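> The residues making up each chain are set out below.
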Amino acid sequence: MRNFPFRRCSWLLLALLLGSPAVLRAQATTPAEGPMLTQPAVLGMIALLLIIVLGAAVLLVGRVASLIRGTQKPSTENEAGRFDETVTNLTDPQLAAILARQQGREFALGGAELSGASPAHDTQGLVQHVALNVHSQWFHEKRRTAPFTDLDPKLTMLISAFLLCAAFWLVLGTTVGWYAGVKFVSPDVDHVAALSFGRLRPIHTNMVFWGWTSLAMIGLGYFVVPRTNNTPLFSLKWGWWSLGLINASVILGTVCLMAGINNGGGEYREYIWPVALLFALGVIVAFANFYQTVAHRTTEEFYISNWYILGATIWGIVLTVIAYLPWYQNGLGETITQGYYMHMGVGMWFMTFTLGLMYYFLPMSLNKPIYSYSLGVLAFWTQLLFYSLIGTHHYIFSPLPWWLQTVAIVFSVGMIIPVLAGTINFLMTFRGSRKRVGDSYSLPFLLMGVLFYFVGSFQGSLQALRYTNLVWHFTDFNVAHSHITMYGIVSFMLWGCIYTLAPKLRGREPRQALVGVHFWFALVGLLAYVMALMIGGTLKGMSWMAGEPFMKSVVLMAPYWLWRAIGGTFMLLAHFVFFYNLVDMLLGGKAAPQAPLTQAPVKQAISQAHDVLERI
Amino acid sequence: MSWNVYSNHRLFVGIVFGVFVFLSVLIAVQPAARIQNDNAPLPTAVALTDEQQAGLRVFIGEGCVACHTQQVRNIEMDKAWGGRPAVAADYAWRQRLDVWRATPSTLGSERTGPDLTEVGERQPSDLWHLLHLYQPRSVVKESIMPAFPWLFRDSVAGTPAGLALHIPAAYREPGGHTVVPTRRAQQLVAYLMSLKQAELPTGEAAPAFLYVQPPKAAVAAGLVADDAGLALDGNALYASNCQACHQASGEGLKGAFPPLKGSPVVNNTDATLMVNIILQGYDARAEYGVMPPFATRLTDAEIAAIVSHERSSWGNTGKPVTADFVKKLRALVKPVAAL
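Taken in order, these protein sequences are the chains called A and B.
Take 1 as the starting number for the first sequence in the numbering used here and just add one per residue.
Take 1001 as the starting number for the second sequence in the numbering used here and just add one per residue.
By construction, these hints were calculated from the structure, which means they are not laboratory data.
Keep in mind that a hint or two might mislead.
Claimed, not checked - List of simulated lysine-lysine pairs, DSSO-like, C-alpha gap at most 30 angstroms:
{"id": "1", "chain 1": "B", "residue 1": "K1319", "chain 2": "A", "residue 2": "K552"}
{"id": "2", "chain 1": "A", "residue 1": "K552", "chain 2": "B", "residue 2": "K1261"}
{"id": "3", "chain 1": "B", "residue 1": "K1328", "chain 2": "A", "residue 2": "K552"}
{"id": "4", "chain 1": "A", "residue 1": "K552", "chain 2": "B", "residue 2": "K1141"}
Since we're looking at a predicted model, the values are computed, not measured.
Pulled out of the complex, with its shape left as it was, chain B reads as follows (with noise of 0.2 angstroms):
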C-alpha cells in the first residue's frame, strides 16, 4: 500500500473528507449546538401567539427575509434600530417551524429595507401595515418594496367594516371595491407588530455600541442641541419617525392618519398638547389610527426637534420649542404612564 496520497486514492479521500469534517464540526456544528443549548430566551421576552406565529410563515413564504434583517450589529450606525446591541437570548425562541421547514433565518444579510428588530414599537398601527402591504408605496412614495395585493380580497357582505383598507384614490382599483386583508395579512401584521426588543434584566448591561462617530456639524440654522451639546437636525429626526403616516408633505393620509399641515393642535401657540401627544401616544379619533407614544423612543432634545420642525414647516406658524420644555412636560407624563 502506498502512502502517497496522490497514487493512493482510498488515502486522498480519506484525508479530504476526515479533515473538513473535523473542521466543519470545529467551526460549525460544535459551536452552534452550544449556542443553542447555552441560551434561553429572556424573561422579558414575550412568546409568539399562534397568530403571530403563522405570520412569521407568511413572512418566511413571501422571502420578506430577502430585504428585511432583523439584527441590531453592535456598531453605532445600528443604533437607529434598536435601543441595544442583539445579543444571542434575542434569537434563542428560533425553532423548526415544522417538518418540512428549517428554523427561520431572520437574521438576514441584505439591508435594502428598513431593519425590522423593532417595527412593532416603531410603527404599531396596524393600519398603516395594512395599507403599506397592500401598495407600499401610497404610504411611502419612494418605496421600492413589492406589493402584496394577493394578500387581500375585494370585500364581500358580513365583513367588519373596521377592516376596510382607505386607499389612497391614485392607488385604488377601477371599479372601487372595498379591500379588506385576508386572514394571512393580519397574520403577517400581527407578527411585525409584535417585533420589539425585550429589556434585558435589571442588573444585565448591554453590550456597548463600537465605532462612536465623529459629532458631525450642525447641518442648518436654527437646530435644536441634546445632552451633548450635539445638533440635531428636525427635518431628518421627521424623516425617520414621522413621515411613514404624516408624508413628507406634512398632509397625512386622509381617512388614516391626520394632517399636520394647517392642523390647530400644530399651530397653538401652547405646544403643551402636541408635545403630550407624541410623548403618551392619542387615539381619540375613530376616523384615523392609533398614534403610538415616543415617550421611551426619543429623548427630549430629539422630540423639541421634531415639533420645532413640524412648527415651522408646509406653511405652519408656531413657535419653536426647548428641549427643557419637552423635559418638563414628560416629568409630569411619567407618573401618569405608571398607572
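Next up, chain A with everything else stripped away, as it sits in the complex (with noise of 0.2 angstroms):
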C-alpha cells in the first residue's frame, strides 16, 4: 500500500480529514474478499435502484388504478337495499328532522340579493380558460396556469429564443448521441469520417452540455433573477449577446470535432480554446447581467435561488479559465485538472445553477414556500466546501497522489449532506400536495427529478469508493450514471422548470396527453437505458477481475448495448414531443385571450359540467 506523505500546502486538508478517521481508515485497508453481494457498497447501490424502479411503480400504478376506478360502476346493490331499509323504516319524528334539516341546507342566496337583475359582465377578466369538454374518461384533466399580465414582451422573446435553441440543441445533440449509441449495435452502419464514433461522442457530449442545459439554464435564469429581485433584467442587450455567444460557441466546436480538431481529448473541453473563449465569454456577460439585475433589486435581501445562480456562473467561469490555461497542464497536470475539470463542470455549473432554478419554480408551481430556508443555506455552502474537492475521484488507483485520491473518496461521501439537505427540503416542500402533483403536467418532472437527485447523487458517493472501483471504473456503468445524473437530475428538473414557465409566458397551454408522452417516454426510455448499461457495466467489471479474455467483455455486453439503443430511441422520441410542446407554447397558434370573456361561454360551460355531472 502507497503511503504518501501529506504534501506541504496541505494541510487544511489533513485538518479535515482527522475530523473522519474511521471513512479514511476503512479505505486504507483492503476491504475482505468476499462475493459482491456482501459488499456494502454494491448493497447500498442496489437499495438506490430499488428507489428508483419502486418511485416510477407507484406513479405508473396509480395511474393505472385512478384509470380503472373511473371506469367501473361502483358495486351498490347492497349499499341501496340497505339503505331502502332504514328509509321505510323511518319514524314521523325521524322524518320530520330530515326534511327540516333538508330545508336548511337547501337555503340558498338567489345570487342577485346585492347586484340587481341586470346581466353580469367580466370586465376584470377574472375568469379564465373555460374548458367546453370538462370530463374525459381517460386522461386527467390537469389545472390550467394563468399568464403573467406584467411580463415584459421584450424579456418573454429574450427567454423564448433561449428556450428555443435550448431545446433545438436537445432534439440534435441526442439525435447524435442516439446514433453513436447505434454504432455499439452497428459498428459498420457508415464509414463517413465526420460520422465515426471517436468525433460524434465529444459532439454529443458538448452540444446537450452547453448547447441545451446551458442555455436553457440561463434562460430560465433571466426570468428568475428580475422576478425574485422584484426589477428588471439589467440590460435586454446583453442577453441576447450571451445568447449569440454560446450559440456560436457549440456551432463553431461542432464543426471542428467533426473536421478531427479535438482539443487534447479531455471530456467536455474538447473544443478548442478559441471556441470555449465565445462560451466562457457568452457565460461572463450572462453573469455580468445577472450581477447587476441583483444590484439593483429592490428587496432586502437576494432570495436563495440567486445565491446558487451568482454561484454557478461564478464557478463556471472560474473552472473553464482554469481548465485552460496551459502552465500546470503538462505530464500528469494534465490529468489533475481534467479530474477536476469534468467534476466541477458538472457539479459546480449544471447542478448548482439547476438547484436554483428548483428553489424558484418548485415553490412556484406548488404555490407555497420552500421547506426550509436553512436548509438551503447548509446546502449551498456544504456544496461549495465538499463538491470542490472531488475531482480526482475519477483516477483511483491510477499514478496521481494517493492523498489526492483519498481526499477525494472522503469528500465525495461527505457529498451526501448536501444532497439529503437539498432532497429533505424539496419532499417537504411537496407535502401536503400530492393532490397537486397529479394535477400538474409540470410537477411530475421536478418530483422525478429530486428523486434522481438524492438516488444519482448517492450513488456517485458510493462509485467514487476503492472497491467500487474495481467492478465499475472503465465499464459503461459510469455512462448510466453520467445519465442519470445530466438527464435524470438536470434535464427533467429543467423540464418541470420549463413546462411551469412557458404557458405563463403567453398563457398558451401544450397538449396535455403531449406532455404526458413526453414525461414517461424519457423516464421509461432513460430507465432501460440505465439498467442496461449498470447491469451489463457490472458483469463486464466481473469479467475483468476474473482475468477472461478482454473480448469476452465485449461479447458479453452486445444485449446490454442493445437495450440501451431501445432505451435511447424512447429517450429521443421524448425530446422531439418535447420540441413541439415548446413551438407550440410559445409561437403556435393564439396566444390566451387577452379580451374579458363574456357571458356566452361561461354560461355554456356551466350547463355542460351540469350534463356531465347529472349524467354520472
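Each chain sits in its own coordinate frame; assemble them with the hints.
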C-alpha cells in the first residue's frame, strides 16, 4: 500500500481529514474478499435503484388504478338495499327532523341580492380558460395556468429564444448521441469520417452540455433573477449577446470536432480554446447581467435562487479558465486538471444552477414557500466546500497522488450532506400536495428530478469508493451514472421548470396528452438505458476481475448495448415531442384570449358541466 | 455596509469567488503544477519521433481516447495491460500539442476497447495494425471498433508493393482495388507501435499491485499448473495473446498471419521449434507478418498452457508440453538474446 505523505500546502485538508478518521482508515485497508453481494457499496447501489424503480412503479400503478376506478361503476346493490330498509322504517319524528334539516341545507341566496337583475359582465378578465369539455374518461384533466400580465414582452422574447435554441440543441445533440449508441450495435452502419464514433461522442456531450443544458438554464435564469429581485433585467442587449456567443461556440465547436480538430481528448473540454472562449464570454456576460440585476434589486435580501445562480456562473467561469490555462498542464498535471474540470463542470455549473432554478420553480408550481431556508443555507455552503474537492475520484488507482485520491473519496462521501439537505427540503415542500402533483403536468418532472437527485448523487458517492472502482471503473456503468445525473436530475428538473414557465409567457398551454408522452417516454427510456448499462457494466467489471480475455467482455455487452439503443430511442422520441410542445407554447396558434370573456361561453360551460355531472 | 451575506451582494460574490478559487488552487492547480515540475521521463524511456508525434495527433483527432485507456492501475486486475502499475514519470513527456491544442488526455476514462499502454509490445506487427484500422472485424470478428477507411486509399502506380493490405475477401470493396495506407495511417501505427512501458531504473521497486484476487479453481481438465500451483486455462491465454492474429479458428488470415490448424510446426512430435518461435519471435517468411517474441511477456507455465492448447485444438494432434520443457528452452535462448 502506498502511503504518500501529505504535502506541504495541504495542512487544511489534513485537518479536515482528521475529522473523519474512520472513513480514512476504512479506505486505506483492503476490504475483505467476499461475494459482491455482501459489499456494502453494492448493496447500497441496489437499494438506490429500487428507489427509482419503486417510485416509477408507484406513479404508474396510481395512474392505472385511477383509470380503472374511472371506468367502473361502484357496486351499489347491497348499500342500496340497506338504505331502502332504513328509509321505509323511519318514524314520523325522524322524518320531520330530516325534512327540516333538508330545508335548512337547501337554503341559498339567489345570487342577485346585491347586484340586481341586470346581466353580469366579466370586465376584469377574472374568468379564464373556459373548458368546454371538462371530463375525459381517459386523461386526468390538469390544472391550467394563468399567464403573467406584467411581463415585459421583450424579456419574453429573449427567454423564448433561449428555450427554443436549447430545445433545438437537445434534439440535435441527442440525435447524435442516439446514433453513436447505434454504432455499438452496428459499427459498420456508415464509414464517413465526420460521423465516426470517436468524433460523434464529444459532439454529443458538448452539444447537450453547452447547447441544451446551459442555454436552458441561463434562459430560465433571465426570468428568475429579475422576478425574485423585483426589478427589470439589467440589460436585454447583454442577454442577446450571451445567447449569440454560446450558440456560436456550439456551432463552431461541432464543426471543429467533425473535422477532427480536438483540443486533446479531455472529456467536456474537447473544444479548442478559441471556441471555448466564446462560451466563457457568453457566461461572463450572463453573470454580469445577473449581478447587476441583483445589485438593482428592490428587496432587502436576495432570494436563495440568486445565491445558486450567481455561484454557478462564477464557478463555471473560474473552472473553465482553470481548465484552459496551460502553465500546469504538462505531464500528469493535465490529468489532475481534467479530473477537477470534468467533475466541477457537472457539479458546480449544471447542478448548482439547476438547484437555484428549483428553489424558485418548485415553490411556484406548488404555490407555497420552500420548506426550509436553513436547509437551503446548509446545502449551498456544503456544496461549495465539499464538491470542489472531489474531482480526482475519476482517477482512483491511477498514478495521481494517493492523498489526492483519498481526499476525493472522503469528500465524495461528504456530499451526502448537501444532497440530503436538498432532497429533504424539496420533498418536504411537496408534502401534503400529492393531489397537486396529479393535477399538474410540470410537477411530475420536478418530483422525478428530486428522486434522481438523491439517487444519482448518492450513487456517485458510492462509486467513488475504492472497492466499487474495482468493479465499475472504465465500464459502461459510468455512462449510466452520467445519464442519471445529467438527464435524470438536470434535464428532468429543467423540463419541469420550462413546463411551469412557458405556458405563463403567452398563456398558451401544451397539449396535455403530449406532455404525458414526453414524461413517460423520457422516464421509461432512461430507465431502460441505465438499467441495461448498469447490469452490463457490472458483468463487464466482474469479467475483467476474473481475468477473462478482454473480448469476452465486449461480446457479453452486446444485448445490453442493444437495450441501451432501445431506451435511447424512447428518450429521443420524447425530445421530439418536447420540441413540438415548446414550439406550440411559445410560437403556436393564438395566445390566450386577452379580452375579457363574455357571458355566453361561461354559461355554456357551466351547463355542460351540469350535464356531465347528471350523467354520472 | 451590511455584513449579512444575503443582503450584501458584493460580499456574497466575493466570498463564493474567493473560497472557490482557494479550494481550486489547493486541490487542482497547485498539485498539478507540482506533479508537472517534480517528474521527468524515465531514463530508459524513448522520446516520440516526429512520425510518432504526428500519429499521436491523429489518435487525438479521431477521438480514440473515448474508448482506449492508457493507464495500468495498481490493482491486480490491470496486470493484463502491463508488467507494473503506471507511475507519474511514465506521463512526464506529455506536453501541449501546439498553440491551439492542449496536452493530450491519454489516460482515458472508459475501456470500451483494450488498454493501449503496451499495445506496441503486445501487437508489434504493423501489418496487423493497418488491417485492423482499415476494418477491425477482418481480424477480430466480434470487435465493435469503428473502421477508418479514410486513412487508406486505392493504390496508384508507383506505390511500394509492400504496403498493400491483404484484406480478407469478405471485407474487400467491390471493384478489387489494391488498398494502401495514407501517410496518416502510417503515422498512427507508428505511434501505436511505440507504446510500451519503460523499465524502471535498477534498484527502483515498482509499486505493488493491490487487491490480489483469490486463486481460481481449475476451469477445465488438462490444465497446466504455474509456479504457485494455480491451474492455467490455455484457451483463455490463447484468446488474450494469440487470437488477434491466428484467429479463434486457428486458421490465421491468408496473406497476413499463418494458420496453426494443421501446421507441421504445431503438429510436430518435437515441440522445440514451436516453443522457440514463441519465445524468440519469427520473421522468416515474406508472405506473412512478423511474429513477436513472447519470452518477456509470458511465463513458462503460460507458454506451456498455450502450446498444449494449440497442439490439441482444431484437429491438431501434437502432445502437450510441460512448463519444465519451456524452462529448459528458455535457458538456451537467453544467451542468444543477450547478443
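> Check each numbered hint against the structure and report the violated ones by number, ascending.
Per hint list: single violation, 3.
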